[in-house]
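J.: As a plain string of letters, each chain reads:
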Amino acid sequence: MALMTRELKASFAFVERNFNLTKRYWGWEVAFLVYAVAGALAVSLIGAGQGDDRLLLTLVIGAVFWNYLSVVFSFIAETVSWERWEGTLEYTFMAPVRRYAQMLGSTVYAVAFGFVHTVVVLIVLALFFELDLTRANFATAAVFMVLGSVSFIGIGIMTAILPLMYVERGAQMTFVLQSVLLLISGVYYSVDILPGWMQVLSNFSPATYVLHGVRAGLIDGAGITSLLGDVWPLLLMGIVFIPLGLWAFGRAERYAKRTGKLKRVG
Amino acid sequence: MTTLLEQPKTEPMRWPAPAPSRTNRVLSDDGVPALLVEHVTKQFVVGSRRKRKTVMAVNDVTIRIRRGEIYGVLGANGSGKSTLIRLVSTLLTLDTGRVEVFGHDIERDEMAVKRVINRVSVDAAFFKKLSPFENLAYAARLYGMEPRAARAEAISILARLGIGEKRLGRPLEQMSRGMQQKVAIARALLTSPTLLLLDEPTTGLDPRSKLDVQTFIEELRDTHDATIVLTTHDLAEADRLCDRIGIINDGRIVVEDTPEALKAKVAEEHGLEPTMESVFMTYTGRSLDDDLGDNEDKDDED
Numbered sequence: 001m002a003l004m005t006r007e008l009k010a011s012f013a014f015v016e017r018n019f020n021l022t023k024r025y026w027g028w029e030v031a032f033l034v035y036a037v038a039g040a041l042a043v044s045l046i047g048a049g050q051g052d053d054r055l056l057l058t059l060v061i062g063a064v065f066w067n068y069l070s071v072v073f074s075f076i077a078e079t080v081s082w083e084r085w086e087g088t089l090e091y092t093f094m095a096p097v098r099r100y101a102q103m104l105g106s107t108v109y110a111v112a113f114g115f116v117h118t119v120v121v122l123i124v125l126a127l128f129f130e131l132d133l134t135r136a137n138f139a140t141a142a143v144f145m146v147l148g149s150v151s152f153i154g155i156g157i158m159t160a161i162l163p164l165m166y167v168e169r170g171a172q173m174t175f176v177l178q179s180v181l182l183l184i185s186g187v188y189y190s191v192d193i194l195p196g197w198m199q200v201l202s203n204f205s206p207a208t209y210v211l212h213g214v215r216a217g218l219i220d221g222a223g224i225t226s227l228l229g230d231v232w233p234l235l236l237m238g239i240v241f242i243p244l245g246l247w248a249f250g251r252a253e254r255y256a257k258r259t260g261k262l263k264r265v266g
Numbered sequence: 267m268t269t270l271l272e273q274p275k276t277e278p279m280r281w282p283a284p285a286p287s288r289t290n291r292v293l294s295d296d297g298v299p300a301l302l303v304e305h306v307t308k309q310f311v312v313g314s315r316r317k318r319k320t321v322m323a324v325n326d327v328t329i330r331i332r333r334g335e336i337y338g339v340l341g342a343n344g345s346g347k348s349t350l351i352r353l354v355s356t357l358l359t360l361d362t363g364r365v366e367v368f369g370h371d372i373e374r375d376e377m378a379v380k381r382v383i384n385r386v387s388v389d390a391a392f393f394k395k396l397s398p399f400e401n402l403a404y405a406a407r408l409y410g411m412e413p414r415a416a417r418a419e420a421i422s423i424l425a426r427l428g429i430g431e432k433r434l435g436r437p438l439e440q441m442s443r444g445m446q447q448k449v450a451i452a453r454a455l456l457t458s459p460t461l462l463l464l465d466e467p468t469t470g471l472d473p474r475s476k477l478d479v480q481t482f483i484e485e486l487r488d489t490h491d492a493t494i495v496l497t498t499h500d501l502a503e504a505d506r507l508c509d510r511i512g513i514i515n516d517g518r519i520v521v522e523d524t525p526e527a528l529k530a531k532v533a534e535e536h537g538l539e540p541t542m543e544s545v546f547m548t549y550t551g552r553s554l555d556d557d558l559g560d561n562e563d564k565d566d567e568d
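Taken in sequence, the protein lines are chains G and D. For what it's worth, this note's numbering labels the leading residue of the first sequence as 1, then goes sequentially. For what it's worth, this note's numbering labels the leading residue of the second sequence as 267, then goes sequentially.
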């Protein structure tokens, strides 16, 4: 119990530190937020231009929920590359903190930051368009958002390994992976239009199920019980990815310590 | 390059015996050593895929450091000093051998070791956009301290190092390197480590900052129950601060003794002036100028 309390307190170090970093880099954060809002608006305007409310809602949901999932994913996946860039990786890894506590702190902040970021995007979109949400089932959307967060956290932890193992290319790989997730998950279109091999890949992306579930809930008013086909893959991914991610992170840390890759480069 | 070790053996010139030790501290050999390094080896594979080679960074090193001692590690760039510090810091795994910190095995009891050590590296590793207070609060939370208590302690340490409280709220990137290094020292001391690893803490500092840091280390030695391992290129600094010095060359500890004994040894056995420069040149086969000139080539392997 004492150990758990200690680790929980230590995990707050990462929440506070990331909050302070956001505060100090506020200019960049505003710039990224403006870009996210502009991107979401630009995509949604395609739907508005077609005069198709269903298409508009499909695009708005894609833009908003992809924004949330990608912010959560990048914050966690870039935990290592960020510290490598700042030169603090060795300091953090030398501290008496277990890796799950570090990941917990990073995750809590990522989810909170992603939520705030996304709410801002959503408010702007809501002010811009007259969205028809009369049939919306918000509970379904909330459940998918939570389930999606859990599985994206797992993937984020697994991806954070890359900069640990590959000093420079790791961050590039993370970026590529995020781009692939965007492409195959049906963010702005149905996955049915993808080539067959991409449709197979889309089954492994939690974003595919999140976006399908949220759209069914918000556009068609579907309840969670009618979407179990989207729920169970997300549950499974969440249950598997997080412990698997933590285990793999531990192995990668061991590899980095064996090969000297924690050392600052650049 | 002709080294002193390669010079023909002639009757050495006799120099006067070095001055007695500047400290009269009595360090007991009894009990658990603060740091025990036994037959430790670490090698790395470096180079591109086609030109891979194995570099033996630390080669069968054995060191025993007593509680309260300041132990200096001197060596050229790439000699294995920083690798040795990283091994003790739990940032590298051992290939062979064992390391114990106050009786805790570094591999079996890693968390216990992490709680009692801290390290100041040559590059002050901070989030540069954050202020010293924000960086120190992060450190304090990682080590289970209350940030408020840590803040008061940090103010006191930094005041001693010549940095006033009003400078601690601004981003670290606005501070000079010397000031950043002082904040790094304050951060390390904040957690009250019983084993402090100082990896070239004064490299690149201006003379004033260097003196401040050295004086502070002396003060620590005299007032705190801390054991210090210090790597440095500054031979005068090693002479001034260290109770014992180990010289590392190509990953091996080639000689180890008190500064006075080392100086006496080179005077007696090699007929050289009893200075740390002579000691360094004798046991590493290179001058300090060679070493500094080699910096870019070797630092990656260090």
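Hints may be right or wrong, so weigh each one.
[As the list claims (entries may be wrong)] Lysine-lysine pairs mimicking PhoX-like chemistry, simulated, CA-CA at most 25 Å apart:
#1 K263(G) to K531(D)
#2 K257(G) to K319(D)
#3 K394(D) to K432(D)
Read the hints as simulated data drawn from the structure, not as lab findings. In this text, all values refer to a predicted model and were calculated from it rather than measured experimentally.
J.: K257(G) and K319(D): Cα distance at most 25 Å?
T.: holds, 18 Å
J.: Quick one, are K394(D) and K432(D) close enough, alpha carbons at most 25 Å?
T.: Distance of about 17 Å is within 25 Å: holds.
J.: Take the C-alpha atoms of K263(G) and K531(D), compute the straight-line distance between them, and say whether it is at most 25 Å.
T.: Answer violated: K263(G) to K531(D) is near 37 Å, above 25 Å.
The structure is inconsistent with hint 1 alone, although it conforms to all the rest.
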